[in-house]
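J.: Could you slot chain P with the ligands onto chain F? The hints should help.
For the protein sequence lines, the chains are F and P, in the order given. Under our numbering, read the first sequence as residues 1 to 214, first letter to last. Under our numbering, read the second sequence as residues 1001 to 1246, first letter to last.
Calculated from the structure, these hints are not laboratory results. Where a beta carbon is used, it is the ideal one built from N, C-alpha and C, also for glycine. Each hint should be verified, as a subset may be incorrect.
Sample of chain F residues facing chain P (criterion: CB under 8 Å; computed from the structure) [unchecked claim]:
| no. | residue |
| --- | --- |
| 1 | T2 |
| 2 | G111 |
| 3 | Q117 |
| 4 | T118 |
| 5 | G120 |
| 6 | P122 |
| 7 | S125 |
| 8 | V130 |
| 9 | P133 |
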Amino acid sequence: MTAGFLAPILGGVIWTLALSAAALAVGMVLGALLCAMRVSGGAVLAALAAMLILIFRAVPPIVWLFLIYFGLGAGWLQIGAFEAAALGLGLITAANLAEIFRGALKAIHVGQWEAAQTLGLPQVSRLCDVIVPQMLRITLPSIVSYAIGLIKDTAIASTIGVPEIAFQASNVSQATFRGLESFAFAGLLYIGLSIPIAMASRRIDLRLRSKVAR
Amino acid sequence: MIEVSGLVKDFGAHRVLDGIDLSVQRGEVIAMIGPSGSGKSTCLRCLNLLEAPSAGLLRVGDVTIDASRPVTRRQRLGFRRPLGMVFQSFNLFPHMTVLRNVSLAQERVLKRSRREADEISRQLLDRVGLGAKADQHPSRCSGGQQQRIAIARALALDPEVMLFDEPTSALDPELGLEVLNVMQELAAGGMTMIVVTHEMHFAESVSDRVLIMADGRIIEQGPSAEVMRNPQTERAQRFLSAVMNR
Ligand SMILES: Nc1ncnc2c1ncn2[C@@H]1O[C@H](COP(=O)(O)OP(=O)(O)OP(=O)(O)O)[C@@H](O)[C@H]1O
Ligand SMILES: [Mg+2]
Chain F
1 MTAGFLAPIL GGVIWTLALS AAALAVGMVL GALLCAMRVS GGAVLAALAA
51 MLILIFRAVP PIVWLFLIYF GLGAGWLQIG AFEAAALGLG LITAANLAEI
101 FRGALKAIHV GQWEAAQTLG LPQVSRLCDV IVPQMLRITL PSIVSYAIGL
151 IKDTAIASTI GVPEIAFQAS NVSQATFRGL ESFAFAGLLY IGLSIPIAMA
201 SRRIDLRLRS KVAR
Chain P
1001 MIEVSGLVKD FGAHRVLDGI DLSVQRGEVI AMIGPSGSGK STCLRCLNLL
1051 EAPSAGLLRV GDVTIDASRP VTRRQRLGFR RPLGMVFQSF NLFPHMTVLR
1101 NVSLAQERVL KRSRREADEI SRQLLDRVGL GAKADQHPSR CSGGQQQRIA
1151 IARALALDPE VMLFDEPTSA LDPELGLEVL NVMQELAAGG MTMIVVTHEM
1201 HFAESVSDRV LIMADGRIIE QGPSAEVMRN PQTERAQRFL SAVMNR
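Chain F on its own, in the form it takes in the complex (with noise of 0.2 Å):
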């Protein structure tokens, strides 16, 4: 028996990463800017960015998705299936990762503010180069792990036609009959993608550690 008939479904990978990568991008921009929002001091703009934290985490994903695609996209606005999916899942994205960044500015100390502030350092340098580094530091770990859900959580797309893994096993499966193999080497390629990135996550992690702890 050949295994050759899997071969679409690693032509699958390429679309997986590429939504996951385009969903993070969306989530990091949109979650800053929603976690900025939050921290403003501004009463109105911090109700409205808990208000939309809430709405992104209590749609379901599919819901979402659904909603862009078929709603939107129906008259309201020209867009793609991979397009939709990317903003769907960066939209929920968005909403964890500033909870997150959130955290992580809790978590840093007054003091470097204010270090910043006395030394004079315009408000652009302050952030860019005294707080969001920190930051970075501090979510690396968080970041991460979400990234590899999302990971698995792009296979909904499938759901609206972009062609990435777990929409190339359906079709395989459907075409040969054989889903047991086809869906378990689906399942084996999310590993293959999860494994690595948590491996290399892991000694960014402890290189940067190693410079700051004592």
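T.: Same frame as chain F, but now just chain P with the ligands:
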């Protein structure tokens, strides 16, 4: 150099500073002592606008801040520019090398080039005895070393006045001594300094003038030896005898 008049700070209904008047001459070294909670830190933090004063006038050099009027960002920057600040908890940037810690603000604020800034930073680190630590991260340094780095970081911006808030309180006496030596050298070099401290020896022998604070007021001030040995008010006597007999 510094002129404070009628400085008041309220935290909600709690009046923490109750009318502080203070004038500091160029080159003067002032020690601010007093019981815990008397408002020493708050006074220093108002002086560099880390806390917004509730009332009063503050002048540093030729920039004046009037607490009754909104302060623009430019005013705030201009006001802080000649002030260097050293915190009890050092507040070094943990993700940067010691050298970067000292160089960063020079590049961002004084627009020095990286090379120029690093060169000045190395000179300053040598001056506080830490030239060898330049390429380490702060976490690899002892508390006393970290505080000296923090002093170098503040000095890198050529301040005219240095503010210290209990710079040695987080340190073992031995490590505190390293820091006090650096401060003593600064004082001898003519730096204007305001030092909140529990180091009675520093207050008595290094500073020119001692201020004793209690309940948000300066209850006594004068030449160091005089105030420390022969306080006039009963409250000051009580405080001094408590700390001296510890
Ligand atoms: N951010 C704040 N909010 C509310 N109250 C504050 C705040 N900061 C200080 N206080 C109060 O102001 C008073 C004076 O505090 P401050 O820190 O200035 O005292 P201190 O003289 O520096 O004392 P210590 O010697 O313990 O450092 C205290 O009663 C403190 O509880
Ligand atoms: Mg204090």
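J.: For every hint, state whether the structure bears it out.
T.: Outcome of the hint check:
The criterion of a C-beta within 8 Å of any C-beta in chain P is not met by F:T2, whose closest approach is roughly 53 Å, and the hint is violated. Here the hint on F:G111 is kept, as its CB sits about 4 Å from the closest CB of chain P, short of 8 Å. This hint holds: F:Q117 has a C-beta 7 Å from the nearest C-beta of chain P, less than the 8 Å allowed. Here the hint on F:T118 is kept, as its CB sits about 4 Å from the closest CB of chain P, short of 8 Å.
Using the Cβ-Cβ criterion of 8 Å, the hint placing F:G120 at the interface with chain P is satisfied: the shortest such distance is roughly 5 Å. For F:P122, the interface hint holds, the least distance from its beta-carbon to any beta-carbon of chain P being 6 Å, beneath 8 Å. Satisfaction of the interface hint for F:S125 is found here, the shortest Cβ-Cβ separation to chain P being roughly 5 Å, below the 8 Å cut-off. Checking F:V130 against chain P by beta carbon gives a least distance of about 6 Å; that is within 8 Å, so the hint holds.
Using the Cβ-Cβ criterion of 8 Å, the hint placing F:P133 at the interface with chain P is satisfied: the shortest such distance is roughly 5 Å.
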